[in-house]
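*Asks:* Sequence:
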Amino acid sequence: MEKRKIGEKKINLGDLEHLKKILIESWCKETCYSPDEDKWSANNPAFGQCLVTSLIVQDYFGGVLCYCKHQKHYWNRIGNKEVDLTILSNPEDNEAKTPGRYFLLKSLVEKKLKNV
Numbered sequence: 019m020e021k022r023k024i025g026e027k028k029i030n031l032g033d034l035e036h037l038k039k040i041l042i043e044s045w046c047k048e049t050c051y052s053p054d055e056d057k058w059s060a061n062n063p064a065f066g067q068c069l070v071t072s073l074i075v076q077d078y079f080g081g082v083l084c085y086c087k088h089q090k091h092y093w094n095r096i097g098n099k100e101v102d103l104t105i106l107s108n109p110e111d112n113e114a115k116t117p118g119r120y121f122l123l124k125s126l127v128e129k130k131l132k133n134v
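Per the working numbering, the sequence shown starts with residue 19, numbered consecutively.
In case anyone wonders, no lab produced these hints; they're calculated from the structure.
A portion of the hints provided could be inaccurate.
Unchecked claim - Below, computed lysine-lysine pairings styled on BS3-like, alpha-carbon distance capped at 25 Å:
| no. | residue 1 | residue 2 |
| --- | --- | --- |
| 1 | Lys-90 | Lys-47 |
| 2 | Lys-57 | Lys-90 |
| 3 | Lys-87 | Lys-47 |
| 4 | Lys-99 | Lys-132 |
| 5 | Lys-47 | Lys-57 |
| 6 | Lys-130 | Lys-99 |
| 7 | Lys-39 | Lys-90 |
| 8 | Lys-99 | Lys-87 |
| 9 | Lys-129 | Lys-99 |
| 10 | Lys-57 | Lys-87 |
| 11 | Lys-39 | Lys-57 |
| 12 | Lys-132 | Lys-39 |
| 13 | Lys-87 | Lys-132 |
| 14 | Lys-38 | Lys-99 |
| 15 | Lys-38 | Lys-57 |
Based on the provided sequences and hints, a complete structural model is requested.
*Replies:* This is the structure:
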């Protein structure tokens, strides 16, 4: 097995979509967060996968692991880009849609700040 440092970049950021496809194909009940594994289904394969997915993304792309304690959700920040491959994993339990609203608001604010 090849040894690598945590966060060591092995693939280009442009390959994120390729990694996302592989992750989606790999998610299963056994990789789901243990207390929620009985809620996991093939219809919502990202459910309970946010931490392990974020760690895999960090392995290949580096960056910072982010956590929202209110949503109990993990995602990545690579450079100045937010990467969340599991954001829609539980839409029925996320009526406030806080992560999506946050990312939208952040992008709008950043665009306006660039124009100042």
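*Asks:* Hints the structure violates: just list their numbers, smallest first.
*Replies:* The structure conflicts with hints 12, 13, although it agrees with all the remaining ones.
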